[in-house]
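**Q** Below are the chains, spelled out letter by letter.
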Amino acid sequence: MGVVGDLFLLFGALFCALGALGLVRMPDVYNRIQAGTKAVTLGLLSLLVGVAFHQPAWIPKLLVIALFVLLTNPVGSTTLARAFLRSGIEPWKRGDKR
Amino acid sequence: MELALLDMLGIFAVGTVILSLLVGEHVRGGQQLSLLYLLQLVIVSFMVSSSESTQFSSALTLELQGVTMSWRLDGLGLYFALITVATALFVSVYMVGAWGAHYRKQGGSLPLLHFALSLNVLTMLLLLASGDLLSLFIGWELASWSAFLLMALAGGTALKSALRYLVYAMAGAMMVFGAIAILVVEAGSFQFAAVNSALVQLEAETSLLLLLLVVAGFGVKMGLLPFHLWQASAYAETPGPGAAFLGAISSRLGLFAILLVLFKVAGGGWLNQSLAGVSSQTLLAWVAVATIIFPTFTAMRQNDARELLAWHGIGQGGYMLLGIAMMDPLGAAGGLLHVFNHATYQAALFLAVSAVIYRTGSSDLNHLGGLVVRMPLTFVTMLVGIIGLAGLPPTNGFVSKWLVYRSLLEQGEVLLFVGAVVGTLGTILSVYKLIHNSFLGSLRLEHQPIREVPWTMWLPMLLLSLIILLSGIFPGVPLQWVSAALLSIGLPVPEFNLGGVVAEGGSLDMRIISGVLFAGFAMAALIFYGMGGRSRRVNPLDNYAGGHFLYAANRYHYSNNFYAGLMHLIKPWYRGLFQRIEQAVVRLLAVAAGLVQGIYLQAQAGRMALVVTVLLLWWGSYVGQGGGGL
Amino acid sequence: MSREHRSMAWTPLLFSGGLAFMLFSLFMAVPFGEPLMRVGGMIQQTDGELGAANLVTAVVLGYRALDTLGELAILFAASTSVGLILTGVKQRTVSVECEELGELFEQASTLLLPLLIMVGFYIITHGHLTPGGGFQGGVIIAVALFLPTLAGRGAALLNHRLIQQVEGGAGALFILLGVAALLQGESFLQPWLPVGEIGALFSAGTLPLLYLAVGIKVGAELAALLTHLSTNVPSPEVPR
Amino acid sequence: MSTEWLPLVVALPLLVAFLLQPLAHWLGVRAERPSPVLYGLSLMTIAATLWITLQLGSDVIAQPLSVTMGGFNTPVGINLYLDGLAYLLLLATQLALLLLWPAGAAVRTHVLLLVLAASSMGLALSGDLFNLYVFYELLAVATFGLIAASPGRAAPLVSFRYLLLSGMGSVLALSGIALIYSHSGSLNLADLSMLAASGEGSLPIAAFLLILVGFGVKAELFAVNSWVPEVYSVTSSRFAALLAGVVSKLAVVMIVRILLLLFPQPEATDPLLLLGILGLVSGELAAWRSNDFRRMLAYSSIGQLGMIFIAFSLSLELGLFAGLALSFHHMVVKPGLFLLLQQPLSRWRVVLLILFALSLVGVPPLPGFWAKLALLTGLVEVGGWLNGVAAVTFLVATVVEAGYLFRIVQRYYQEERPIAGSTSSTVAAVESPWGWEGGVALMLGGVLLAVTLTINPVTEQLQQIALQSGDRERLISTITVSEVE
Amino acid sequence: MADPLMLWISALLVVVMWAAALSALLLKSHLAAVVSTSLLSLGLSLLFVLLRAPDVALTEGVVGAGLSSLILALALIRLGLVGGSPREREVLSETVGDKPVTERGSQQ
Amino acid sequence: MTLAIILYTGAIGLLVIGLAGVVMSSHLFRMLLGLVIAEAGANLLLILAGYRWGGAAPIWQAGQFPTTMVDPVPQAMVLTAIVIGVGVQALAIALLIRHRHYSGTLQRTGGLNQLQADLDREAGVRHTRSSDAPTLNPLTEVEHVH
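Protein chains in written order, with numbering that gives the first Met the number 0: chain A, 0 to 97; chain F, 0 to 629; chain D, 0 to 239; chain C, 0 to 484; chain E, 0 to 107; chain G, 0 to 145.
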């Protein structure tokens, strides 16, 4: 059990780090949002799973947290993206300066 | 509690105040007030003439804040009280009839005027009767503020002058307040005796400084020199009888308080002490001489009769202080006697000018003239008054000035003497301007129809003139009161009789002088009429100047720019030095005020807070190294 | 009136530096990490007499309950003042149009609302056990209640009248719980229900009740405040 | 009535404040309309606190009482401390609120005023440093709201600037409290007062200075008082009267309490003296230069508060007495002036105004004179050059004060003359009725005269209170006695 | 005494908080300033966790980073301070409709 | 010791940066932000006053309170202070909104000039003279022939 949990934790941490990397590497705001959301959501969820393996008693709370993350992350990023679009920021196209 | 005589006086004074509000509305109602003043005068006269006791204590003592306040009238207080109440009586009679109706018609509030007057009398009596420093200060403040009330009544420019007075009076009061606080803390009590011993125990210079501070503070009220600017305009703008009252006695309260503190409380010896090499007696004397000269010559330049008189009031105060500063029998008696004398003729003069205003509506010396044919009684009053003011026999003004001059000469103070004489010259010149420009010369057209003032107005004026003459001829009567006053503050008393003073270097007997004078007049009259002389009426138009006949349209009356030549001569001396000092102080204050207001008007208020916090903390770290609590 | 000299603009910086230096030297004189804990130690020694597992809660609601009452009143006064100040400032609703924010946001806000409220109540009711409590939970509830407003459908849920009544009732509850102790002959704001076992949900006497009152009040107040700041809903008292 | 009921003085107004808006809904009262019911309810609440105070406080001068909150012993819990001073302040606050409560106000104004009432009473009573801070902030917030709600376009900015200044002060005060706490580990005033002997270095003084600057904002202390002229000139005269009369005194007394109990070292009083002098000078001079009467009174208030700070800095029995006397005197006079200046001046109003002004300047035998006398003799008695400077400043300031206060008379003539041009009978006809403000001012004038007549017993009482509130041992013993119970 | 990890983390947080505070005051964009204060609160919240004050950390997180930022952001909109680009301003002025009343003010 | 220096530097730095921001900003909104920052610094100071080396959070753990725990009292105080701060902040924003509604500006100086003008107008003061000259001066207004 512990090992599986550790694996999940590691996996989650990796994805979070990747998300962070994406924030730096991606060319424009929309791409960065996507990196920050998708990767981090996955990373967080797997972190939660890892914790669940370590502390089974916390599962209800963790479920709520997972639900919360699942609800807010995409919605938040979508709204942000829309806001950027509305305020006139053009999406990056290949060949544009970064 | 058994009512003492002083309490009776107090009750009457309070009653007057209350009654003034009740009956003041009616023009005739003032009669009751006059009656009450008369009653007060009777009581005071009784006290003055009483031979069995020199001091009248009030049965009332107040224990306030652990301080026992008591009141009593001794010789000095009685002397001033007599003048106060008598002046109030004359003035109130003057106010009762036609003048009151006139005042009310002009939009003035008669009850308020009565109230202010009676309040002044009450507070002055309180001050005069004070028995310790606390009651002295309380009386002083009350008297100052009720004087303010009287001055402010007319509104407008009068109010501005009154506000100026207020600032000066408060400045003086605060000087006194500070000095009293120090004295009282040193003495641990407000009682005169305790303060006296505390003064002795203090360092001599400290004591002297404190006393001089007190003198300066009280001196503001009597218009001692650097603090005199307020007085003339403030008194001049007061409604007529009020001005008479204030000019006659109100400013003398400063003298009273100075005398009380310098001689009764401090014991008189302090004047011989010197501060930074200058004897304080000399200092005081020179201040007095300056107070004589400068305001007197300022008076000469005035074109408003009331202003002129008021400026003289300041100058005459100098004689009083000068005499007393000599501290010898003649000088002290002369100085104190001058208080009475000045009160009589100043009141008479103010009332006379007020009568002129009542009839002509103006006191502008450039636009009057020739009134003698229309208002002879007023003219007589003014004539007697200015003779008194100029200090010529046979009026009482001569007596007191003579005493002061004698004293100066005996003490060998020639310079001071010369100063005083110069002042007297100025007085003579300027009072001549007063009577000439208003009563002599040709009558203006618009003044043709006027008549003499009603009897309620001329009666007090003439009575005052009579007093001026009588007390000039028989100065022994007021000298009796003066000697009681001098005794009570421990100053030497001259030898005197009904006709004057008996002194080693030469006595003064006014009976003889007056006799000679009147004999001279009689002789002149005899010669004049005996030679068949008759006065001849000349048409004022039957006149010419510069080769031109004068017509009704351009009457010639050389009142405008009176003394032009003299003025030109002394002009360099009058660049308004004191006015400039005053303005400079005000400017300075205004600049400072602007600066501090800038703190409050800053766009960013927090800046100052930040600065102050840091400075405080820095200070705290500096101080805190020494250790402390918590 | 205001004269600002450009050349003097830097002086506050100087004084700020001075203040920093002073404060720093002052605080460095105090031993760090070794608090005297005069009062704190006394509280520690009482060993949970109030039955609260979270000592901060015990302090906030027990030992220093008057502070908390004052704090509640401050929030209350602030929100009342905001209402007083902002009524009459003409403005349309701030919230961006629904279509602008997107269907997704709207739906999510609907879904999040119960979740957040639940979380808020959880934090409130466990205030005496774990970190958190009435204020934190109240804020979450307030934000939850504000979500629909943000999504453009505020008026339906945020009934001013209801909110004000809830808020007033909760505030009154706090005080009345204190007065109830008074009526039993004890001190004002003295916890008076049985303490129970430390660590259990139903323990710590009246503290959870107090926190509940605080939470509801804070939630209602902040929700009202946020609505006031975001829109100009004509105040319900004046139907215009 | 048990002393345990004392906290109700704070709690009751808060309770009513919480319930007032729901109640208004129930009654169907519109927010902007005056509601006699709610007005009456608010007044009754204050009256109830007055009743409680009167019930409990009849003999606090002989025996002060301390009430612990929540039944916890003092260093741990918070306690309310009712001594003679707090009792007087309570009464003054309650009476002022009863008299100055605006009748036609909106519901929310009533609510904020109730909060203001609760916080003022809390400030007067609280015996805990941080609790004082909380009540202080509560007072501040209610004040900001009430200021901003006053008519006029300037009100919001004025309120905001006040808020910023007050916020800066709060931050500083909070760091001062942090300093004290880390130094002593306690917040209770009595407890800290017991510890007061055991400290050294610049730390306690610095802590006091921080608290002084922080809490000085409301006390109109120099350099953190630039809100005063602005605020007093935008608010209604009633509220200005309340702020200048009562609230500032509460803050002053709070500072003085902290000073007396916690910082007995003589160095702590020097900044009070210094800032007092600066406040006196700046306030009086600015008042002299200001060009309208509201702001003139506001600046004058700063000056008076400076005077009060000077008095309290003496920190003797005498200084304490002088400070209290000046405070209570100002509490009567300044509201009177504010209330009267609001209206056109008729003859009797101007008489009343002059009475107030005379007392403020310190003309005997009005109460102001005795207070000033106490201050001056106190300054002279303590001695020292700074006190000498203070004394001279005080005297000069009095002159300046007289110089500007009596310009009011000038205004009367300006207002009255055109009317009174024809006959005096029109003046009487124009004389408008007194109104509530005028009535309150009349009452205050009556109080002034009554105190003038009974100056001896009043000062005796005040001296006792001063003696009592300067008595640290008594405070400690009172609070430890309640610890045993 | 302190373990080095805590030391480094707190140093980092302090630097972040300082930077956030300075940028909150110095950045031109008001929105960025508000975000900076939010960041400051977040850092503070973490620091509170480090200092064993979970209650306070939670409060600071919820109130400081959350509610306070929300309030400030709402204020930005209502004060018309948000938006650098003309387009954004246009949208905002349409949405908010809060036009200043200078004209009326200067007339009075 | 290092930790103490770092933390106190942080706290005092925040406090002072905030105060400087309040004092030096030229925009009212930034002044408010400065206040928020300063409050954060003060809160941190309070918490630091209660920190204890190696102390645990003051929460019941494993059947007892930790023997070395940080002081709970400052934490309670900071809780209160934070909430107070947010209340004041909301109020301030309402004031700003109202102010902007009236005057249309949030600049410091512009608002202030207008404020003084407003105050003067409400008081009925007309500026006829230069503002440097003291108006209504009882001493200089009396002119005399001297």
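By construction, these hints were calculated from the structure, which means they are not laboratory data. Hints are not guaranteed to be accurate.
To be verified - Cβ-Cβ distance ranges computed for the label pairs, FRET-style:
#1 Val391/C - Gly267/F: 21 to 31 Å
#2 Gly151/C - Leu26/E: 32 to 42 Å
#3 Ala116/G - Pro113/D: 30 to 40 Å
#4 Ala61/G - Glu48/D: 51 to 61 Å
#5 Glu48/D - Trp52/G: 40 to 50 Å
#6 Arg120/G - Val68/A: 29 to 39 Å
#7 Thr60/F - Pro343/C: 43 to 53 Å
#8 Ala199/D - Val68/A: 38 to 48 Å
#9 Ala199/D - Trp52/G: 30 to 40 Å
#10 Glu48/D - Val23/A: 45 to 55 Å
#11 Ala47/C - Ala199/D: 34 to 44 Å
#12 Leu25/E - Leu103/D: 31 to 41 Å
#13 Leu59/F - Gly151/C: 24 to 34 Å
#14 Ala61/G - Val68/A: 45 to 55 Å
Bear in mind that the values here come from a model prediction, so they are computed numbers and not experimental data. We put the CB at the ideal spot given by N, CA and C, even for glycine.
**Q** Could you work out which earlier hints the structure fails to respect and list their numbers in ascending sequence?
**A** 3, 4, 5, 6, 8, 13, 14
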